[in-house]
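Novice: Chain by chain, the residues:
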Amino acid sequence: MRPLVMIVDDESDIRGALFDFLDDYDEFRLMLAESAEAALGLLQQESADLCIVDMRLPGMNGKEFIREASVQGLCSHFLLHTGSIDDNLDKDLKPFGLTKKDLLLKPCDNWRILDRIRALIG
Amino acid sequence: MSKVPTLSYQVTRTIVFTCIAICASFLAIGIPLELRGREAQLKTVDALLESITVRESNQLANELFELRAEASQLRLDMILDDVPGLLRLVLFNHQRVPVAHVASTSIDPAGNPDSILPVEPLDAIHQQVLTRKEMNWGWIYGQSRLVFERTILVAGQALGSLQIVYDLGPMRSQTISYYMVFTGFFVLTLGSLFVILRRTLQRSFIRPLHALRDAMVEARPEVEAIYPKYGVPSQEINDIVRAYEDMSSRLAKAFKVIEESEQRFRSIFDNAPYAIVINSFEDGRFLDVNEAYLNSKGLTKEQAMALSPKEASGFPLDQQAVIRDKIRQGGLFNIEAESERPDGSIAYVLHSSVPIPYGEEEAILSMVVDITDKKRAELALAQSEKKYREIFNNAPIGIFRTAYAGYFIEANPSLARMFGYESPDQMLAQVKDLSRDIYPSQEERGGFLDALRKNPAGITMEIEFKRKDGTPLYAITHASLQMDESGKPSYLDGTIEDITERKRAEEALKASERKFSELFMLSPDSIVLSRADTDVILEVNESFVTTFGYERQEVIGKIADEFGLYANGKQRDEMLRQLKSAHGMENLEIQLAKKNGDGVIFSVSGRTLIVAGEPVYLVIGRDITEQKKMQQMMVQTEKMLSVGGIAAGIAHEINNPLGIILQTAQNLAQRTRPDFRKNIEVAEGIGLDMGLLETYMQTRGIHTFVDNIQTAALRAAAIIRHMLDFSRRSESKRTVCDLSAIIDKAITLAASDYNLKKNYDFKRINIVRDFVESLPPFNCTETEIEQVILNLLRNAAQAMAESDPPTVEPEIRLSITHDNQHIRMEITDNGPGLTPEVKNRIFEPFFTTKPTGQGTGLGLSVSYFIITKGHGGTMDVESSPGKGTTFIIELPIDMARTSEEA
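Residue numbers (my numbering), protein chains in the order written: chain W, 93 to 214; chain D, 10 to 911.
To be clear, the hints were calculated from the coordinates, so they are not data collected in a lab.
Each hint can be trusted.
One side only, chain D facing chain W, incomplete, derived with CB under 10 angstroms:
1. Asn665
2. Leu667
3. Gly668
4. Ile669
5. Ile670
6. Asn676
7. Arg680
8. Ala725
9. Ala726
Under the rule of at most 30 angstroms between Cα atoms (straight-line distance), these lysine-lysine pairs were calculated in the DSS-like manner:
10. Lys335/D x Lys306/D
11. Lys878/D x Lys183/W
12. Lys892/D x Lys603/D
13. Lys772/D x Lys848/D
14. Lys687/D x Lys193/W
15. Lys754/D x Lys772/D
Negatives, chain D to chain W, calculated, CB over 12 angstroms:
16. Leu260
17. Glu271
18. Arg294
19. Ala517
20. Ser552
21. Thr704
22. Asp747
23. Asn800
24. Ser889
Each residue gets a CB set at the ideal place from its N, CA and C atoms; glycine is no exception.
Using the sequences provided together with the hints, build the complete structure.
Specialist: This is the structure we're talking about:
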């Protein structure tokens with residue numbers, strides 16, 4: 093079974109663009125959520141292999157989602173897809189296996205995201 | 010009219026005639042009586058003489074016979090002595106010759122017989138005397154003497170004759186005295202009669218007549234003009250008749266008049282607008298009332314007539330008695346009383362009562378006039394009077410009336426207080442002579458009066474008076490002069506306003522004005538006074554003159570526009586608009602021009618003042634050109650600082666759509682790739698030849714479009730990232746820096762800059778280093794300062810390269826100086842320089858003069874931020890077109906504090 097990738101972003105166009113891009117490769121199963129809370133709800137049914145998470149989200153933010161999903165064992169890998177301009181990874185996220193490479197600053201090249209997904213779960 | 014004799018005259022005449030008649034009758038009776046008496050007397054004398062002759066006849070005959078002359082003489086003497094009254098005795102002989110004669114000595118002392126009459130026989134002197142021949146005697150010499158002659162007969166024979174002259178004088182004088190007494194008595198009687206009659210008549214007849222006449226004449230003076238109808242018995246009677254006629258005609262008229270009067274009275278009584286009633290004197294009941302009374306009481310005549318005496322009079326009985334007494338004494342006149350109207354309101358009435366006969370009865374006629382309106386008017390007048398009196402008394406200014414002659418007629422309390430008197434009464438009592446008591450000197454009032462005479466209708470003068478205690482009272486006096494009937498000045502009316510305090514305040518104000526005048530002149534701010542209506546400048550102060558470089562006379566009397574003070578017409582209009590507004594002008598920034606053309610920025614405030622009654626603009630301005638520059642810099646700094654704050658926030662928001670743009674563009678690129686498996690599958694499914702599509706895409710340049718989208722999105726992302734760089738610089742480490750080394754490194758970097766090299770060879774620029782030796786050590790973030798200098802070098806090079814015409818000998822001068830607190834670095838090029846507009850905005854983020862795409866507009870902003878925020882220094886630029894540009898950076902030497910903060 094192809095790995096499950098969850099995209100959590102409150103901006104539907106970004107969710108859509110990533111879905112359309114990644115879906116073309118037929119390598120992943122893709123799941124979309126517009127908030128951390130919705131994503132956690134979906135992940136209760138099936139754990140994801142990787143979550144692409146926006147930092148600024150309504151309600152629970154990206155960082156909290158990563159902590160929560162990680163603690164609950166709902167996802168193994170995380171990519172932080174953020175509009176922030178700070179290219180330093182928050183230290184708090186390191187315990188959840190994120191490195192600087194997992195920090196994707198918007199606007200981010202699609203192929204770079206694809207490369208990183210493949211590298212993590214390919 | 011012929012003169013008619015008066016009655017008095019006629020009476021007198023009548024009496025006189027009566028007297029004359031009485032006299033005549035007396036004479037008629039008296040004279041015969043007297044003559045008869047006289048005859049008797051003469052007979053007596055004749056008898057006497059006869060007897061003498063008889064007695065002596067014998068003796069004398071003897072003598073004659075014997076011719077004894079001497080004896081005869083003696084004999085005659087004896088007779089003469091013997092018989093009184095004999096004047097002469099003459100004895101004739103028979104030949105009629107005088108034999109002897111004697112004469113009385115009472116006739117002739119010498120006894121000359123001829124002195125009486127010639128000694129002749131009686132017949133010889135017959136013709137001389139009136140005689141009675143039968144009696145042989147006659148009147149001689151006016152009847153005063155009697156001549157008697159008798160023949161002496163002896164025995165019938167005539168021997169001679171004796172002639173005797175008898176003195177009739179005593180008898181005659183007796184007769185005369187009788188007549189005189191009688192006449193006197195008679196005259197007396199007549200006189201008395203005349204007087205008594207006249208007086209009696211006058212008193213009891215003429216005078217009463219006169220009185221009657223006079224009374225009538227007096228009653229009707231015009232009576233004299235009436236021509237007498239009858240004869241003219243006398244003036245008085247005439248007058249009386251005429252007067253009587255007149256009187257009777259008047260009586261006739263009078264009766265008519267009385268009748269008319271009666272009618273009139275009735276008409277008046279009935280129709281008079283005043284209530285008129287007639288009461289019985291006895292018990293006060295109504296005898297008659299008129300319509301007005303009935304109307305005023307709301308009664309019918311029957312009701313009124315049926316009223317009881319008390320109700321009728323309206324007074325209690327005891328009062329009625331008193332009132333009646335007064336009426337009996339002549340009447341009550343205009344007694345004011347209150348009376349109730351039918352509607353219950355109170356009317357004021359004026360009540361008069363007089364006694365009148367009413368038929369057989371005594372009655373009272375009363376008239377009642379409703380004076381409510383008049384009373385109200387009087388009350389209103391009294392109130393008005395009171396009101397004006399109160400105004401007079403309460404007015405805070407002094408009000409007076411003074412006699413022209415110089416004393417108070419009236420003064421109000423304020424005036425008294427003003428002059429230090431306790432009350433107007435005290436003032437009037439103590440001020441006897443105005444010029445002495447309330448003026449500082451006697452002459453002062455004269456001037457005031459002179460002015461008043463010239464303008465009696467009213468003058469206003471400021472006058473110094475003298476108070477009771479001698480202190481001065483400054484006052485504004487308004488006064489008018491009133492004249493008497495003959496046009497002479499009579500009295501003055503006016504007001505006095507105490508301006509002593511104001512006067513003091515004015516003195517203080519003058520002192521203050523001097524002070525403010527100095528302040529005006531010496532104020533460091535420029536001050537301009539101008540007329541509000543014409544904008545003509547009245548005065549400027551020293552600061553204005555020095556600041557703008559004009560001579561004072563170049564601006565005073567001119568309008569600011571004439572010498573080009575305003576650099577901007579719109580600002581000038583705005584300034585004038587604010588000046589005219591109620592709040593005046595507060596800190597308006599305005600561009601002005603000095604005489605030499607230099608522009609300055611002024612902060613001006615202004616107000617409209619009233620100077621000498623004219624509205625005047627006072628405008629105070631301060632040169633804030635430098636301050637403004639500073640302020641602009643501050644604003645710049647603020648802008649830059651805020652960029653850091655907001656950038657992080659907006660960057661995130663912008664990056665999201667940029668992500669959409671980039672990623673969807675990439676999706677577009679991917680989904681049009683002819684070699685992508687998914688694309689081929691889909692194309693085959695719909696029968697699309699991917700080769701053809703690719704050809705089409707390339708032919709139409711669609712890939713390029715998509716690429717451009719991607720590039721633009723990335724560039725935008727880069728800009729944002731770049732812009733936000735400095736928010737991350739704070740983490741840079743500060744170390745002790747060698748500024749000259751940093752500059753050298755920056756120059757090296759600039760020379761190797763690829764982008765720059767494309768346009769211009771940096772090596773052609775003459776770099777001048779002007780560094781002071783032994784700079785004090787200071788802290789900085791080396792890379793940041795390097796970035797700033799590199800940025801400035803790049804900009805300078807670019808500007809010189811792109812200038813048109815190109816700078817012939819491009820040069821960049823870098824200098825470093827320092828003082829105790831700062832290191833100062835100046836980087837100067839000799840390029841085209843900056844226009845003021847560019848210069849003002851040069852540090853603004855995203856402001857750029859470079860072609861689109863070549864610059865982010867953030868280079869200098871970031872530099873500015875690095876210097877001011879990162880290092881606590883200042884960064885400024887000086888430039889003007891054609892004169893190159895100098896950037897000045899000052900960095901504080903002691904960076905320890907700022908380092909720690911960072």
